[in-house]
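2 protein chains.
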Amino acid sequence: MDDEHVARAALVRLGEPGDTALGAAVRVHGPQEVLRVLQSDGPLPTEFRRRDPAGYRVRLGGPAAADDLATVARLGGRFVVPGDRHWPTQLDDLGDARPIGLWERGPRPARLAALESVAVVGSRASTDYGDYVTGELAVGLAEARWTVVSGGAYGIDGAAHRGALAGGGPTVAVLACGIDVAYPRGHDRLLARIAEVGTVVSELPPGCPPSRVRFVERNRVIAALTRGTVVVEAAVRSGALVTARRAQRLGRVVIGVPGPVTAPQSAGVHQLLRDEETVLVTGAAEVVECVGRIGVDLAPPPVGPARLWDRLDAEAMRVLEAVPPGRSASEPHIARAAGVGPGPVAAHLAALRELGLVEPESDAGAARSWRRASAPPLPPEDGEAVRASGALGRAGPAQVRARAAPT
Amino acid sequence: MDDEHVARAALVRLGEPGDTALGAAVRVHGPQEVLRVLQSDGPLPTEFRRRDPAGYRVRLGGPAAADDLATVARLGGRFVVPGDRHWPTQLDDLGDARPIGLWERGPRPARLAALESVAVVGSRASTDYGDYVTGELAVGLAEARWTVVSGGAYGIDGAAHRGALAGGGPTVAVLACGIDVAYPRGHDRLLARIAEVGTVVSELPPGCPPSRVRFVERNRVIAALTRGTVVVEAAVRSGALVTARRAQRLGRVVIGVPGPVTAPQSAGVHQLLRDEETVLVTGAAEVVECVGRIGVDLAPPPVGPARLWDRLDAEAMRVLEAVPPGRSASEPHIARAAGVGPGPVAAHLAALRELGLVEPESDAGAARSWRRASAPPLPPEDGEAVRASGALGRAGPAQVRARAAPT
Numbered sequence: 001m002d003d004e005h006v007a008r009a010a011l012v013r014l015g016e017p018g019d020t021a022l023g024a025a026v027r028v029h030g031p032q033e034v035l036r037v038l039q040s041d042g043p044l045p046t047e048f049r050r051r052d053p054a055g056y057r058v059r060l061g062g063p064a065a066a067d068d069l070a071t072v073a074r075l076g077g078r079f080v081v082p083g084d085r086h087w088p089t090q091l092d093d094l095g096d097a098r099p100i101g102l103w104e105r106g107p108r109p110a111r112l113a114a115l116e117s118v119a120v121v122g123s124r125a126s127t128d129y130g131d132y133v134t135g136e137l138a139v140g141l142a143e144a145r146w147t148v149v150s151g152g153a154y155g156i157d158g159a160a161h162r163g164a165l166a167g168g169g170p171t172v173a174v175l176a177c178g179i180d181v182a183y184p185r186g187h188d189r190l191l192a193r194i195a196e197v198g199t200v201v202s203e204l205p206p207g208c209p210p211s212r213v214r215f216v217e218r219n220r221v222i223a224a225l226t227r228g229t230v231v232v233e234a235a236v237r238s239g240a241l242v243t244a245r246r247a248q249r250l251g252r253v254v255i256g257v258p259g260p261v262t263a264p265q266s267a268g269v270h271q272l273l274r275d276e277e278t279v280l281v282t283g284a285a286e287v288v289e290c291v292g293r294i295g296v297d298l299a300p301p302p303v304g305p306a307r308l309w310d311r312l313d314a315e316a317m318r319v320l321e322a323v324p325p326g327r328s329a330s331e332p333h334i335a336r337a338a339g340v341g342p343g344p345v346a347a348h349l350a351a352l353r354e355l356g357l358v359e360p361e362s363d364a365g366a367a368r369s370w371r372r373a374s375a376p377p378l379p380p381e382d383g384e385a386v387r388a389s390g391a392l393g394r395a396g397p398a399q400v401r402a403r404a405a406p407t
Numbered sequence: 408m409d410d411e412h413v414a415r416a417a418l419v420r421l422g423e424p425g426d427t428a429l430g431a432a433v434r435v436h437g438p439q440e441v442l443r444v445l446q447s448d449g450p451l452p453t454e455f456r457r458r459d460p461a462g463y464r465v466r467l468g469g470p471a472a473a474d475d476l477a478t479v480a481r482l483g484g485r486f487v488v489p490g491d492r493h494w495p496t497q498l499d500d501l502g503d504a505r506p507i508g509l510w511e512r513g514p515r516p517a518r519l520a521a522l523e524s525v526a527v528v529g530s531r532a533s534t535d536y537g538d539y540v541t542g543e544l545a546v547g548l549a550e551a552r553w554t555v556v557s558g559g560a561y562g563i564d565g566a567a568h569r570g571a572l573a574g575g576g577p578t579v580a581v582l583a584c585g586i587d588v589a590y591p592r593g594h595d596r597l598l599a600r601i602a603e604v605g606t607v608v609s610e611l612p613p614g615c616p617p618s619r620v621r622f623v624e625r626n627r628v629i630a631a632l633t634r635g636t637v638v639v640e641a642a643v644r645s646g647a648l649v650t651a652r653r654a655q656r657l658g659r660v661v662i663g664v665p666g667p668v669t670a671p672q673s674a675g676v677h678q679l680l681r682d683e684e685t686v687l688v689t690g691a692a693e694v695v696e697c698v699g700r701i702g703v704d705l706a707p708p709p710v711g712p713a714r715l716w717d718r719l720d721a722e723a724m725r726v727l728e729a730v731p732p733g734r735s736a737s738e739p740h741i742a743r744a745a746g747v748g749p750g751p752v753a754a755h756l757a758a759l760r761e762l763g764l765v766e767p768e769s770d771a772g773a774a775r776s777w778r779r780a781s782a783p784p785l786p787p788e789d790g791e792a793v794r795a796s797g798a799l800g801r802a803g804p805a806q807v808r809a810r811a812a813p814t
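Protein sequence lines correspond, in order, to chains A and B. For the record, in the first sequence the residue sitting at position 164 is 164 according to my numbering, with numbers rising by one throughout. Count along the second sequence from 1, add 407, and you get the number used in my numbering.
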């Protein structure tokens, strides 16, 4: 470890994530010089503006940087800093809020894992619907070789990581505590599994507990690391919305999965989706379309079942519908009902017969009659049309009685 | 009834709704002249292009216009045509596809009812969710004095009309059959009720049954009559989407209510909502915001519950979180954990005590200690932060065991 790594490892013990004053000072004076000033009694550089030096100095004498670096090395992890080969350069978009350094565990460097990655975040108090949809989404992303990045929390985060693992894809957990801290405790096995096959990262040194402020700042790392942020379920004041807004400000794609408008867990997502810059998706293919290569990773539009009558033009459809089901009708009758002349009606009926939609009556001697073929039926959406036979009362609007409708 | 009304009433017996050739001919030559030509054997005017005259003439000799007009008069209804005081002029946006005339029942002319109106349409095969959400929406629109326009069908249409009636508001049913035809039959009572207190309208003369083509063309009237179209549930190939696209082409607002992405009944709505020009709404207030007066009819943004700690700045929050729950900590310990100097820490702790969030230990003689006040708790979303106390195994990523985390 060179001096810069050691100095940065010491600085993350003195400051808190997202400290732009510290970040600006490091940018201007370098980490060794900033550390030297903080370790002295002297005044801070102007980049710290009116920050109280005691806020940093009160932490001097805590765990040593060398110990933290040794701990992470024992875990098979790394401490990467800006300029390193494995530094995720997309984090530079955060400006002076860029992490001072990043602690990592797992076989794959976060930089590589996050090259084609999507954040999937949401409420900790998720519904069964949210968990299910998140799982399906993450499996689909994994199968498309996209990395799923999330926060390791209960609810949507957990479903996202599990789905990615189930799909055999890479996943990155960005924690608001040390990468050796199992938080939340019920996710100790999940986080251990991610550290085995994926990547666990944090700006906080080993052993640090999470805090509310650290959760909020952690979200900026998730947003910056990924091409886009998908919010599956989020209440109106969820932390997932903070991640989404951070992503928006960073020029990343913001994506929402809708849910029932009756569920408070979807209210925050719907609020997001009312914003013009947010994209609604219903599955992994549509997410990939948003974050993938323009014009290449296109999601197929949803299609309904193909129907025989899709091939009929409007006039043929009118002729078909003028043939009553259950009984036969003469060609002149059909012509009047359809509003189609006798010549075209005969041609249409012949074509409809070819399609198996109508059949002629056997008594071909007189004017020919036709009946609807028993199968296939008319489409369900509007198919009841031809069976219409009720009428509102004629004597006055209040009186209602059924009668046979004229054709 | 003047000659123009009689001629138009006769023409709607000869043509089908949405016939732009007929519409163009009527615009250029007037209804009486077009009727005279159709009743003769002569060639049709050029506006008919290559239409087969027999398609119209095959219907000559059907019910007489005078009889239709008498029937509607008996029902307490009207036949309104362009230029009438009660003609809904917004239908003129349809150009040559404008209805030849409109048959109406009910106390309130469609023109007046539709001045401030919204179409609420959707799948006939709706879910309980769709029915519920539609009902709530329609009640809310009715209470805001907006007219709910729909197609009288089963499913979403029916829920929309019923909700409007329940909210004591006006509602208009636009039918694809005669206004005296109870279609669908199970809605005979609903349609009779709408005819009593709302408005039932159709371009089709009395007694006419619906058809697939008539349903499609009916949708253009719903779209043109209203300021915007709300789709609640719609499968990928639903007729409600036809209405929405017609509304879009007419410059009306297109609005969608999302649902679970797992429900095929919402797939068409989500497809619509992926279009930038469609607005997602979750309730009646947001619909009114879309179609109402700009800057006046604003929906209140959804808000979560106000929390005591919303008023805390980030530094105060860090101090609060550095006070452990369940046991006390000394001020120097709190200062280190929070990364805040001794002076500000004392000030923050005093302020947090005023808010009832922390309380001092009784032994004020030594360096003062503090504990978290028993109530109120930290926010549920990130509140578990301070109870973090697990750690991933240190020996290697595969080994996981719990330990007390350092603070």
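Watch out, some of these pointers could steer you wrong.
Negatives, chain A to chain B, calculated, CB over 10 Å [what the hints assert, rightly or not]:
no. : residue
1   : GLN39
2   : GLY251
3   : ALA350
4   : ALA373
5   : SER374
Covered stretches of chain B (chain A as the covering partner; in silico rule of three or more C-beta atoms under 8 Å from a C-beta of chain A) [claimed, not checked]:
no. : region
6   : 455-465
7   : 565-571
Since the hints were derived computationally from the structure, they do not count as laboratory data. All of these numbers come straight from a predicted model, not from anything done at the bench. Just so you know, even glycine gets a beta-carbon here, dropped at the ideal spot from N, CA and C.
Here's how the hints hold up against the structure:
1. GLN39: holds, 15 Å
2. GLY251: The assertion about A/GLY251 holds, with a minimum of 18 Å to chain B.
3. ALA350: Given that every Cβ of chain B is farther than 10 Å from that of A/ALA350, nearest at about 17 Å, it holds.
4. ALA373: holds, 17 Å
5. SER374: holds, 19 Å
6. 455-465: n = 7 at 8 Å, threshold three: holds.
7. 565-571: Per the Cβ count (0), the hint is violated.
This entry does not satisfy hint 7, going by the numbered hints stated previously; all others are met.
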